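Protein chains: 2
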Amino acid sequence: MCTMARPATGSKALDPKNTGLGPVEFNLNDYMAGKARRVNEALDHAVPLRHPAKIHESMRYSLLAGGKRVRPVLAIASCELVGGDEAAAMPVACAAEMIHTMSLIHDDLPCMDDDDLRRGQPTNHRAFGEDTAILAGDALLSLAFEHVAASTAGVAPERLVRALAELGSAVGSDGLVAGQIVDIASERLAVDLNVLEYIHIHKTARLLEAAAVCGAIVGGGEDGEVERVRRYARCVGLLFQVVDDILDVTKTSEELGKTAGKDLASDKATYPKLMGLDKAREFARTLVVKAEEELSGFDGARAAPLYHLAHYIAYRQN
Amino acid sequence: MCTMARPATGSKALDPKNTGLGPVEFNLNDYMAGKARRVNEALDHAVPLRHPAKIHESMRYSLLAGGKRVRPVLAIASCELVGGDEAAAMPVACAAEMIHTMSLIHDDLPCMDDDDLRRGQPTNHRAFGEDTAILAGDALLSLAFEHVAASTAGVAPERLVRALAELGSAVGSDGLVAGQIVDIASERLAVDLNVLEYIHIHKTARLLEAAAVCGAIVGGGEDGEVERVRRYARCVGLLFQVVDDILDVTKTSEELGKTAGKDLASDKATYPKLMGLDKAREFARTLVVKAEEELSGFDGARAAPLYHLAHYIAYRQN
Chain C
1 MCTMARPATG SKALDPKNTG LGPVEFNLND YMAGKARRVN EALDHAVPLR HPAKIHESMR
61 YSLLAGGKRV RPVLAIASCE LVGGDEAAAM PVACAAEMIH TMSLIHDDLP CMDDDDLRRG
121 QPTNHRAFGE DTAILAGDAL LSLAFEHVAA STAGVAPERL VRALAELGSA VGSDGLVAGQ
181 IVDIASERLA VDLNVLEYIH IHKTARLLEA AAVCGAIVGG GEDGEVERVR RYARCVGLLF
241 QVVDDILDVT KTSEELGKTA GKDLASDKAT YPKLMGLDKA REFARTLVVK AEEELSGFDG
301 ARAAPLYHLA HYIAYRQN
Chain X
1 MCTMARPATG SKALDPKNTG LGPVEFNLND YMAGKARRVN EALDHAVPLR HPAKIHESMR
61 YSLLAGGKRV RPVLAIASCE LVGGDEAAAM PVACAAEMIH TMSLIHDDLP CMDDDDLRRG
121 QPTNHRAFGE DTAILAGDAL LSLAFEHVAA STAGVAPERL VRALAELGSA VGSDGLVAGQ
181 IVDIASERLA VDLNVLEYIH IHKTARLLEA AAVCGAIVGG GEDGEVERVR RYARCVGLLF
241 QVVDDILDVT KTSEELGKTA GKDLASDKAT YPKLMGLDKA REFARTLVVK AEEELSGFDG
301 ARAAPLYHLA HYIAYRQN
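If you read the sequences in order, they're chains C and X.
Per our numbering: the first sequence = residues 1 to 318.
Per our numbering: the second sequence = residues 1 to 318.
Quick caveat, the hints were computed from the structure, so don't treat them as lab data.
All of these numbers come straight from a predicted model, not from anything done at the bench.
Among these hints, one or two may not hold up.
Stated by the list, open to error - Selected chain C positions facing chain X (Cβ under 7 Å, derived; list incomplete):
no.	residue
1	Leu-49
2	Ala-139
3	Gly-154
4	Pro-157
5	Ser-173
6	Val-177
7	Ile-181
8	Val-182
As the list claims (entries may be wrong) - Calculated pairs, SDA-like style, for lysine to any residue (alpha carbon to alpha carbon, straight line, at most 20 Å):
no.	chain 1	residue 1	chain 2	residue 2
9	C	Lys-54	X	Met-112
10	X	Lys-54	C	Ser-169
11	X	Lys-273	X	Asn-194
Ideal placement from N, C-alpha and C gives every residue a C-beta, glycine not left out.
With the rest of the complex left out, here is chain C (with noise of 0.2 Å):
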């Protein structure tokens, strides 16, 4: 049984003083700094320095560039949600990394979004060159897959083999590859709220929810725990993109930390032009609830981490 309050629902604004947040004590960024760090060390032990040392390099370049770590740490919290420990999750963790680390590399390169900066730095393709870029994110795609199957943290084989198939189909032309396909082709089009999700859960949503669903696998949860992680996982993913695009109409720059009102200028869709502002965060507000509910039947330390991951990501304020 779950022994977490719900946050109060009705309240008018995605405000974190109205979440009611109740008797688990729990230090989220404590928790995700940890595992972050347990993360990068994982990361960096996997991707030596070697020959060939321009495409090691450049895989590093990009794996280790920082960030949040959010997969991972949904991996890991999904295994030690089920009863798993940190050791079994940190293949398939270290895995939905470079996956995420490959579909920006390729995502940015002057063919596709034709971006200059990642994180204050210089994308992969202006640092090493395209055809490094290409075969570093080709590199780190397929060491995804070997880390795993190679892995000896002692998980099940057939569950190795679910957790292999969960990623592959959260790659390709049902997840981030569909995702971005209909993304480029939209860009000159009006998309409406369908073409606007399908987009967010492929490109998202998909790499998010198999992070968590490998991570219950190998943790050893049984099915229907594997199902419910999968729909936390969905509508935590979800919730990812609304938040991010209410936050580009409601905050300023220096709040973000990234240009504000990017979205609008650029006349991207986004859930506050495709339905109000209000009904944005309305829907925000029923996934959060929705994310939570999935929670509910497991223990309620083992669920706290998952539980104020979901809540970080829909009162954050950048």
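With chain C held as given, fit chain X onto it using these hints.
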């Protein structure tokens, strides 16, 4: 015991009349054509045309463009060598072809080899655009792993996991990607035999080896059998490139069905250029003899396809 005779050694040329091919009746053309037909059916089935249409059209365009399906045939023949059946090998056979196709699509890109034609047809990026070509490669690469992980051919999960690790290592920064990055870096440099062999082993031999090894793994091969298949395939992979280089300087364009002498014209490093034509032929003969030796402990009838495949590669005229 192997009942097959060795080709006469000391022959002055790589000439099929000198192979001394003995008692085992076997028609390699029929064998390869039958396997290729069923591989093509499986590939067609693995990538149906569905939403989003453009990415699936692009994947299918390159994946179903024909070719001899050497990697899948190697996988299936190696599986049958150790007592497995074609159905067990088909997922890894298809995966090897998906990976090979991905590497062709990405290597043809403007920022890499900048090729407009492949097998007489426009390259993927010429037909679908660079962005779609990169994404089609990414999708084929992840599908390769997903296809094996989600396969239902009754192979034990621990063998699937081993095969997935093998495939992954053949693609990444110790495999295809390593070969391509060194090849690109070597374009403007004097290449010695060590570098030439590094490029060929990584760009060509490593995936042929992985295909064969995966076939032997999913076929239930013992560790010693799997390693013998690995050494066989490594020889055959290198042989393929050495013979390619020899044909380029000894045959006319008409005989080859492609431009002859283009390696010489482009000042590209080749075996005949670096070691002379006679030594290159001698090296090829050494490789085919070594490949045969690795088959000598297996049942002659089961080994016939791999034996004849090595000979076909060694003594082909185009």
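Exercise for the section: Take the C-alpha atoms of Lys-54/X and Ser-169/C, compute the straight-line distance between them, and say whether it is at most 20 Å. Expected result: holds, 18 Å
Exercise for the section: Please verify that hint: Gly-154/C, Cβ, nearest Cβ of chain X, below 7 Å or not. Expected result: violated, 13 Å
Problem - Restraint status (C-alpha distance of Lys-273/X to Asn-194/X at most 20 Å) - result: Judged against 20 Å, a Cα distance of about 14 Å means the pair holds.
Exercise for the section: With a cut-off of 7 Å on the beta carbons, see whether Ile-181/C makes it to chain X. Expected result: holds, 5 Å
Exercise for the section: Please verify that hint: Val-182/C, Cβ, nearest Cβ of chain X, below 7 Å or not. Expected result: Result: holds, 5 Å to nearest chain X Cβ.
Exercise for the section: Return the status of the interface hint for Pro-157/C: holds when the least beta-carbon distance to chain X is below 7 Å, violated otherwise. Expected result: holds, 4 Å
Exercise for the section: Mind checking the CB of Ala-139/C against every CB in chain X and telling me if the closest is under 7 Å? Expected result: Since the shortest Cβ distance to chain X is 4 Å, the answer is holds.
Problem - Restraint outcome when Ser-173/C is required to lie within 7 Å of chain X by C-beta distance - result: holds, 4 Å
Handout entry: Hint check, Val-177/C versus chain X [nearest Cβ-Cβ separation less than 7 Å]
Key = It holds, given that the least Cβ distance between Val-177/C and chain X is near 4 Å, below 7 Å.
Handout entry: Pair hint outcome, Lys-54/C versus Met-112/X [Cα-Cα no greater than 20 Å]
Key = With Cα atoms ~15 Å apart, Lys-54/C and Met-112/X stay inside 20 Å; holds.
Handout entry: Interface hint compliance - Leu-49/C to chain X, C-beta minimum distance less than 7 Å
Key = violated, 11 Å
Hints 1 and 3, counting from the list given before, are not met by this structure.
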